[in-house]
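Turn these sequences into a full structure, and let the hints steer you where they fit.
For the record, the sequence lines run as chains A and B.
Quick note on numbering: the first sequence equals residues -10 to 383 in our numbering.
Quick note on numbering: the second sequence equals residues -10 to 383 in our numbering.
Be a bit skeptical, because a hint or two may be false.
The calculated DSBU-like cross-link candidates involving lysine-lysine, where the alpha carbons are at most 35 Å apart (straight line), are [to be verified]:
hint: 1; chain 1: B; residue 1: K357; chain 2: B; residue 2: K328
hint: 2; chain 1: B; residue 1: K346; chain 2: A; residue 2: K12
hint: 3; chain 1: A; residue 1: K376; chain 2: B; residue 2: K12
hint: 4; chain 1: B; residue 1: K376; chain 2: B; residue 2: K12
hint: 5; chain 1: A; residue 1: K340; chain 2: B; residue 2: K346
hint: 6; chain 1: B; residue 1: K376; chain 2: A; residue 2: K272
hint: 7; chain 1: B; residue 1: K9; chain 2: A; residue 2: K9
Keep in mind that the hints were calculated from the coordinates and are not lab data.
Chain by chain, the residues run as shown.
Number of protein chains: 2
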Amino acid sequence: MSDAVCTGFEAAGITAGIKKNGKKDLGILYSSVPARAAAVFTRNLVQAAPVLLDRERIKSGRCRAVVVNSGCANCCTGEQGLTDAKAMAGYVAAELGIDEDLVLVASTGVIGEPLPMEKIQTAVPELVAKLTPGGIPDLAEAIMTTDTVPKMVTASGRVDGKSFSITGVAKGSGMIRPDMATMLCFVATDADVAADMLQSALAAGVDRSLNRITIDGDTSTNDTVILMAGGMSNVKIDDDGRMEIFQQVLDEVLIDLARALVKDGEGVTKLVEIKVNGAVSDKDARRIADTVAHSNLLKTAFFGEDANWGRILAAAGRAGAPMEIDRTDVFFDDAQMVKDGIGCGKTAEDKAAAVMKKEEFRITIDLKTGTGSASVLTCDFSIDYVKINADYRS
Amino acid sequence: MSDAVCTGFEAAGITAGIKKNGKKDLGILYSSVPARAAAVFTRNLVQAAPVLLDRERIKSGRCRAVVVNSGCANCCTGEQGLTDAKAMAGYVAAELGIDEDLVLVASTGVIGEPLPMEKIQTAVPELVAKLTPGGIPDLAEAIMTTDTVPKMVTASGRVDGKSFSITGVAKGSGMIRPDMATMLCFVATDADVAADMLQSALAAGVDRSLNRITIDGDTSTNDTVILMAGGMSNVKIDDDGRMEIFQQVLDEVLIDLARALVKDGEGVTKLVEIKVNGAVSDKDARRIADTVAHSNLLKTAFFGEDANWGRILAAAGRAGAPMEIDRTDVFFDDAQMVKDGIGCGKTAEDKAAAVMKKEEFRITIDLKTGTGSASVLTCDFSIDYVKINADYRS
Chain A
-10 MSDAVCTGFE AAGITAGIKK NGKKDLGILY SSVPARAAAV FTRNLVQAAP VLLDRERIKS
50 GRCRAVVVNS GCANCCTGEQ GLTDAKAMAG YVAAELGIDE DLVLVASTGV IGEPLPMEKI
110 QTAVPELVAK LTPGGIPDLA EAIMTTDTVP KMVTASGRVD GKSFSITGVA KGSGMIRPDM
170 ATMLCFVATD ADVAADMLQS ALAAGVDRSL NRITIDGDTS TNDTVILMAG GMSNVKIDDD
230 GRMEIFQQVL DEVLIDLARA LVKDGEGVTK LVEIKVNGAV SDKDARRIAD TVAHSNLLKT
290 AFFGEDANWG RILAAAGRAG APMEIDRTDV FFDDAQMVKD GIGCGKTAED KAAAVMKKEE
350 FRITIDLKTG TGSASVLTCD FSIDYVKINA DYRS
Chain B
-10 MSDAVCTGFE AAGITAGIKK NGKKDLGILY SSVPARAAAV FTRNLVQAAP VLLDRERIKS
50 GRCRAVVVNS GCANCCTGEQ GLTDAKAMAG YVAAELGIDE DLVLVASTGV IGEPLPMEKI
110 QTAVPELVAK LTPGGIPDLA EAIMTTDTVP KMVTASGRVD GKSFSITGVA KGSGMIRPDM
170 ATMLCFVATD ADVAADMLQS ALAAGVDRSL NRITIDGDTS TNDTVILMAG GMSNVKIDDD
230 GRMEIFQQVL DEVLIDLARA LVKDGEGVTK LVEIKVNGAV SDKDARRIAD TVAHSNLLKT
290 AFFGEDANWG RILAAAGRAG APMEIDRTDV FFDDAQMVKD GIGCGKTAED KAAAVMKKEE
350 FRITIDLKTG TGSASVLTCD FSIDYVKINA DYRS
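Encoded structure:
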């Protein structure tokens, strides 16, 4: 991670008083030049007002600024919510002197409460005044809800001897599952990416990163990933070879952010990769990996550092994808715990117990029936997850 | 609940030393006359040895005895597991002097460990010696794992002035979700039910009861429901009218057992019915009810007594069934919290907060788009659930 920012972008994050605890809650990402933009949004049928607004505005493929608040999701707020989201963008557009349609909006926090518009209106001039190329850490802080650390990643690549950068910020840390598994994620690059390539690069990258993580299996109503490409590095991404390089760097940023999200998931003490090999198809492998990754019984066993492999097989068996139990192997990192559906005994248990004590490890399920494979990042399910979510609104 | 038993049945439950804690762990249900039998089993692809054995034996439609142990699931135990399950039935058949094929077997407990056959063989003579018409409570106790109370229900009905009874026992209390949402359930009736009616009565009853509850969304590898009909009441169930009466009593027993299972779910402090009305179809209503009933975020909010209706809508929206958020209403018991997708404000919040303090309440989601409806029983997700499952094997 790094707090660098791509050439041509500025950011800021301040306290507007939306959160009760006095922490930063209003942020902005601004491109000093007209930027191309792509976005992906929640697949939940219940969609927050800013998501509805952005879906329309992103059709232009252009964006100059994203304004975002934490502390209030502006969701289930009806017509008023949409009016408020537009007004929030309007304040920023007026202050920056740019076209209102080029401002996207994002919100995160409690569902069902209206945005405190007066506080936002009052704060926007200060927010814009604080824009600076070094403001990314403040933005990352301003979008946090139950996150305990801000998430920022910068990576760079080279094309024809010229370098470009990609910087991303993201926040979790509950309501996380594949199908757009993030709350908010904003990515900026100074590469000059062809319009038709930007959306497909983002979709492909998200599918390999944010769509491969789960914390609690719930899906947010506000999930938004926005990618802005300003082009100030003068690196043109306009053919397949260059696209491949760009995609690699983008994937790196998104995967690092995805890992950071799971690691900082609510109450999380363990980061666990569920890897399925030997399935009939990749799709089947994914179904099994997803089901295992979401098993509450298994996730509580992770928390208890109990190598309860029976729960792994029980979860795999209900995934709805073909498996033959008497061919199935299970590994904890490199320690084989199950061979052909039967436990490997005491020595294996001891090895697996040692693996479970680590903060990060991998469970591999080899079905030995085909060549399909998939991988999903999950976490343990702790007493703190329950505590955090039992009292979230109070 | 009652500890009565139907005429013609005897039961027992003893300590065989399978559980480490010295509690009862071996039980039997015995019909003194040849009984008709029906059964439903787990849909998990990973199936325990006793399930594999019973699936074959139940094809005859006959059963004299069910022998069951707790403390060990005899699952993921390969060929040895099947040999052990058969041997367990064999000991009982020999002791009772009945045909081995008429003995069904069930196991529950830790997955992946072999049955301690010597302990079982030693204990079977004592188990059979203790058979008595009043032994149902002992059987109910012997099948408990993390259950805190035994579950028994007896109900009776009348046909042509003659009465018949149905008695059921069941155990939970983790790995519970619809799709055969129980670990083990044994039901006996002294009605004389026609062979072709018994299986369909059981399937229909389970669909309205054990398939409508969830505790943690995991599915067991050992789920087994067995219904035995001995006929000693001389009440013949042989036409549609009589079948309707029998089905009503059977449903009553199964629904009472299902409620008892959720109420005694691991760490449960709240019993919550999720009712969906106004869906396009019953199937859509069921999908939404299931998704809401499984939401960890909502279940932790129940535990925290937080009327977080945003999480209800967010879960409904990801269910994969049609809904229009701006027509959706939500009620906590009779208190309306959401009207046309928008929160009803402070007074409603106060009313809902009072509802949340109750041990049992209902959440109604009215989609107002059709006539489909469904109901699922769920529970809260507590700190104790995590504690219980983090340490299950130790």
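So, going through the hints one by one against the coordinates:
Our distance criterion of 35 Å between C-alpha atoms is met by K357 of chain B and K328 of chain B, whose separation comes to about 11 Å. Straight-line distance between C-alpha atoms of K346 of chain B and K12 of chain A comes to about 31 Å, which keeps the hinted pair within the 35 Å bound. Distance hint between K376 of chain A and K12 of chain B is fulfilled; the C-alpha atoms sit about 32 Å from each other, no more than 35 Å. For the suggested pair K376 of chain B and K12 of chain B, the alpha carbons sit about 21 Å apart, so the restraint of at most 35 Å is met.
For the suggested pair K340 of chain A and K346 of chain B, the alpha carbons sit about 46 Å apart, so the restraint of at most 35 Å is broken. For a cut-off of 35 Å, the pair hint linking K376 of chain B to K272 of chain A stands: about 34 Å separates their Cα positions. At most 35 Å may separate the alpha-carbon atoms for a hinted pair to count; K9 of chain B and K9 of chain A exceed this at roughly 50 Å.
Checked against the numbered hints given earlier, the structure breaks hints 5 and 7 and satisfies all the rest.
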